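Protein chains in written order, with full-length UniProt numbering: chain P, 1 to 796; chain G, 1 to 605.
FYI, nobody ran anything at the bench for these hints, they're computed from the structure. One or more of the hints may lead you astray.
[What the hints assert, rightly or not] The calculated label-pair distances, taken between Cβ atoms and stated as ranges, are:
id, chain 1, residue 1, chain 2, residue 2, range
1, G, Glu566, P, Gln671, 54 to 64 Å
2, G, Glu194, P, Arg490, 55 to 65 Å
3, G, Gly78, P, Asp411, 21 to 31 Å
4, P, Gly381, G, Pro438, 54 to 64 Å
5, G, Pro135, P, Thr510, 44 to 54 Å
6, G, His75, P, Thr409, 50 to 60 Å
7, G, Thr88, P, Arg490, 48 to 58 Å
8, P, Asp470, G, Lys137, 30 to 40 Å
9, P, Gln521, G, Glu320, 50 to 60 Å
10, P, Val336, G, Asp592, 42 to 52 Å
11, G, Glu566, P, Asp411, 41 to 51 Å
12, G, His75, P, Asp470, 50 to 60 Å
Predicted model only: the values in this text are computed from it and were never measured. By construction, the Cβ of each residue, glycine as well, lies at the ideal position given by its N, Cα and C atoms.
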Amino acid sequence: MKALFHRPKTNGVSPPFPASIIPHARWYSRACALVALASAPSPTPAPVKKEPQTPQMSPLEKRLQDMGAIRGDGSDKFFGMENIRYTDPTGHSPVQYGNTCYCNSILQCLYYSVPFREAVINYPQRTPVESLEAALAKNLRFQNPNAHLEAEALAAKQKATAPSPTSRGAGVPPNQPQKPEDKDSPEYKKKVALQTMPILETKNNAASYGMSESLFTSLKDIFESLVGSQSRTGIVRPQQFLDVLRRENEMFRTPMHQDAHEFLNLLLNEVVSNVEAEATKQSFVEKPLPPTESADSLGMLTTSTGSKSPNTTRWVHELFEGTLTSETKCLTCEKVSQRDEVFLDLSVDLEQHSSVTSCLRKFSAEEMLCERNKFHCDNCGGLQEAEKRMKIKRLPRVLALHLKRFKYTEDLQRLQKLFHRVVYPYHLRLFNTTDDAEDPDRLYELYAVVVHIGGGPYHGHYVAIIKTEDRGWLLFDDELVEPVDKNYVRNFFGDRPGLACAYVLFYQETTLEAVLREQAQEDQASSTAASDVGDAGKTNGYPLNSNLHHVNSASQLPSEDHGRFVPIHRTSTAPQMMPTHHEGPELEPSSAPAGAPAVQPPQPPLPPIPDEQPPPLSPKKSDVAAKKEKARLKAEEKEREARLKAEEKEREKAEKKGRKEADQQRQQAVQREAEELRIAIERSKAELNDVGPENGSPKKSFNFIKRSSRSLSQRLSKDKEPRMSMSDLASPPLPETPTTESEAERSAVPSKDAPSPNISNPKLLSRAGPPPVKENKIEKTGHTHRWRSLSFKKTT
Amino acid sequence: MFYDVTFHVEVTFPILDPWADRDTATVLHLLTELSHSASVLPPPPPRYTIPVAYAAGAANGMAVPVVETNNTISHPEGGCPLQVGEGTYTLKDDLLLATPPPHPSEAPIVNPNPLATVPTPPTAGVKLSLVSLDPRKKPPTFLKTAVTAPPFGDGNPALAAPAPPAKDALKRRKPKNNIIKSSSSFVSRVITHETSAKRLSDRDPNGIFAFANINRAFQWLDLNSAQKEEHLTKVLFTKAHMLCHDINDLTKTSSHLDIVMGSSAGDIIWYEPMSQKYARINKNGVINNSPVTSIKWLPGSENLFLASHANGVLVVYDKEKEDALFTPEVTHQPDHDASRYPLEVLKSVQSKNQKTNPVSYWKLANQKISHFSFSPDQRHLAIVLEDGSLRLMDYLKEEVLDIFRSYYGGLICVCWSPDGKYIVTGGQDDLVTIWSFPERKIIARCQGHNSWVSAVAFDPWRCDQKTYRFGSVGDDCRLLLWDFSVGMLHRPRTHQTTARHRTSLVMPSTQTSNRHRADSGGNRVRSDSERTEKLDGDLDPMASHPVEPRARTALLPPIMSKIVGEDPICWLGFQKDCILTSSLEGHIRTWDRPNDSVVSHDPRL
């Protein structure tokens, strides 16, 4: 990676920088100001007092403990992705909310698909480590981990001494409510993360891959810099990727909410075409790729999964592509015609109280083609009633399942979000395979879920929940990366309050043996949950010391509980104790050389040095500190146990004190509750008031309708020739070309299809190259599906 | 992020509870309603509040009420008839249990953060334990010989020691504490019906009592009462939800019922409803602090019951013994990969130390145990886990015999056929699977549910020596009935059979070849060399069976499938005169059987 671009940085001490000279200063200073505001109402702004917070390990850092040396395959990188604020090129509208969560969540899902990541890195070839490192040294920007605290302190000081200086005034929206910010809120954490974590920003490096800049090369830029990064955590800034995306696709040029599934589909198609365009360009140049070289150079590359693929251009196909066979039986002449089409993902209609299995089965259920939707039979020569069913003939290695949560409602003339409860298991096999399918019992495991939060299709937020190779499940919410319980994955069936539903599910192929191995190693999610229940309960005033106590007692079980499951650490046992433990290591960095990140627990980013040295090196200070800390922890634990016991006794005593006291307590509780309630109401009222104008517009809804059928339309057409090339894609011949029906259909539902599908995205069409006829045909399929889902709909 | 939020605030002030002999309860709540409809009002950014424990109730789709409400009964128009070969089952009524309001200490959730990473405690839909004192209502038995299984822990003098004096044999021992007068922080309050004493004395002595958990409440109902919707007693717990419960069939009398129930906090309550006495076992999770997922009295035992915990542990408790901090008695070699053992006996029933609970303690896996079921011959135990395995155990010998796997996904429920020959499981693959116990193999997969299968049960009144009737309910709100017969299942599979697949499916040779494959394929969980000395040499070594491919397994369609409600169904029970289901939100539905539908047969035939 060569040309690099640095966001100006506040290394070391960070006074708010002048807005005029820094490109992003506007947003920057605003962020600072927000943080400043957050701390403003706090009565004790002294930095000394705040200090203990910094070294407190984040849950992610806890889970990443004892990772060992940095790996070469990128499986140990856990970066958030910045939600890029959209700046209107014309400068008319103010800075918008970042709305690139659709992109972030999908990119994260793709990154943690091992074969996909390896394929991207190794195609056309892997960038040599040295050049990568050199590039990264410039690429990765480290920030002062205390920046936000200093900013806070400074702001507080400023507030105390003088009215706000100019730079601040510029950034602060005048109507910003002066309310204390919740330090546990994701917004706050994201802000802090943005200011403290190393930021990785990529710049076009396509030339070194021997390719011209494309969506693929910018994706590769991101992946390679992640893999090459010496820091395990940080934040990726996918600015360049978005620039390319927006340059080539008009529909992403707005600050509006985009559909994550659509983006996934576009990205995969784009990668296919980028790679294939490159291949055709180079076909005569002969581009041999020594497949072993890259593996050797890093030594750590797994030999198993995807490393073999990069020397062909078909690796996207091999991963995501499957084949559907649609069997159509003409009811007049009984002739069965078959047609294969390939797909990169499956879009399934939803039913209330169903499962993914059932949705897939419905997808393959028999369907009558009749009335307006008759089938053009070549045999009888005319429109006939027919039976049609679609089955999967070739199973993809990675199955991307799109749950069609956005459904067009005729009476409202727009898309609506379905909050159906659709359950998805951690493992899956497909029932809807053809009889001659290869490996019809293939086992899949759920490895990523893209969740849509929000009430409708035109707005909302996307996050991704992803199973990493050896660090369990993580929640990727833009800049924020948090470890979660395995059970957390099940919170998005669609029936829980909070409007969060699974939207795209990624299943990857696996084997029963692998599953068994993993299950054996899995941390005791349940016992973690139990102790977490304790923590949760504590906030409710339920006497919980006993619970915590038992967490300790459980740990006395020999090995089977904890010792064996080193990789994943409990997150919840004693967070409140942490600050004291960390006093030691925290003081230490004051002697660290200036310029290096000042205060950090062992984990975080020191530029080119691996976080944790392998054994041969003499123990670092931090190691010693860690040991000390361990001992301390032990002592602490004992102490706590004792204390807990005492507390329990006390509690029992208290219990005996009888009804009167209980009554008092209850009244207090009620009062407290009333108080909370009042605050909550006030807060929510305030919130209702301080929101800006809506983004969505009727025009937008048309866009959506038009795009909603694309998942089907982007199944690349495939005829007899199994191998796909550009020419194949572009070739029109299709066995059944029911121009007439689709015309009929169009006239029947004009409102849905009014805009021609190729307006918004000519690039897409030219690449996938389905001729208009084909497009129509597919659209028809899309509609029949919609109708089907309509007919099944009962309750919302 | 765009939310349309409407707040309805309802504040209720002191409510006097006439039945509680405790103090006045003051309840204050906020009802929040999130409307999903879009509006022009620009939505606020998301509010991320930390959800509290009570969120679990609301999170599972239950409407959280504001005040204590009463159960209601309805007779849906048009009913919900179940039409099968023997006639039509007609819906008698639909009893909706009232979800209790949150405990005053639980703050209401104003705007829950959907992404909150704080785990919510487990909660369960309504499950029922039924008991009838009428011997005629006992399900028919199909065992050819009387049960000869020795009692659990036979041969351990430490366990047999405290035999009760003979003269007291008829007098049941009750738990120590009065639940009504309890000042425990675990029990919130107890509401007894004002005429409960009269109702109890006047009732049909052969009627059916039902015990049901809903949210943090536990209700005692009389299903044959004219006012069956009115509970006899309602116990409200402070925070923990009861997840499962069971009634001891051996000790039931008209004045005594032994009920054990397991909670989301791990605590177990031994409750005697007639005298309103209770005892707390595994208090504060001192023995095992993970939620109790399933609980059953050991068949033929007055005192012992088995509880499965969510961390993969099975514990036998004695209702009358005190708790003691549990330390494993079996030393554990650290270099052994514990996961390779199908069962770690951390305390054996043969242990000399039987003064305190637990009686025995087995670690099965590190995955959640979903459910278990005792075989009719009282020797075996079928256990299903979240990892998708069905494990068969000889629990008297504390051994795992076989491990089977679901087609995919976790298994949720399990039951035995009345004659003990078949085991039926339901799981996250939307399938009900029939396994043969004597043959140790899969018999058929039953396809018909549209979502996860939450409960399965045999209908012993519709079973005979050759044909079996069972039912299943699931998250798809459906009740399905299935018939299968031995002959039918051994017929080759007609469905989707293609030339290249074997047409004969369930042949004896299949099993041997499977065994062989299991041996060579490295699928075994434990090889012979690793077996403990305890196993007899001539025993068939414990085998982990591979998943049978779809193409080689018989597929069984249901004889009846019906959507019976609007929320997931989570429990199913067959009685001599009716079928009962209960749902997540508390609907208990009863269908009367068609006339003469009960197969009369001689159990000794």
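Each hint tested on the structure:
About 38 Å separates the C-beta atoms of Glu566(G) and Gln671(P), a value inconsistent with the hinted range of 54 to 64 Å. Distance hint check for Glu194(G) and Arg490(P): the Cβ-Cβ separation is about 42 Å, which falls outside the suggested range of 55 to 65 Å. The hint said 21 to 31 Å for the Cβ distance between Gly78(G) and Asp411(P), and at roughly 27 Å that hint holds. Taken as a hint, the range 54 to 64 Å holds for the pair Gly381(P) and Pro438(G), whose Cβ atoms sit roughly 60 Å apart.
Look at Pro135(G) against Thr510(P): about 52 Å separates their beta carbons, and that is inside 44 to 54 Å. In this structure, His75(G) and Thr409(P) break the distance hint of 50 to 60 Å, their C-beta atoms being roughly 34 Å apart. Between Thr88(G) and Arg490(P) the Cβ separation comes to about 38 Å, which falls outside the hinted range of 48 to 58 Å. For Asp470(P) and Lys137(G), the hinted distance range of 30 to 40 Å is not satisfied, since their beta carbons lie about 55 Å from each other.
Here the CB-CB span from Gln521(P) to Glu320(G) is close to 39 Å, at odds with the stated 50 to 60 Å. The hinted range of 42 to 52 Å is satisfied by Val336(P) and Asp592(G), whose Cβ atoms lie roughly 47 Å apart. A beta carbon spacing of about 22 Å between Glu566(G) and Asp411(P) contradicts the range 41 to 51 Å that was offered as a hint. Evaluation of the 50 to 60 Å hint for His75(G) and Asp470(P) yields a pass: the beta carbon distance comes to about 57 Å.
This entry does not satisfy hints 1, 2, 6, 7, 8, 9, 11, going by the numbered hints stated previously.
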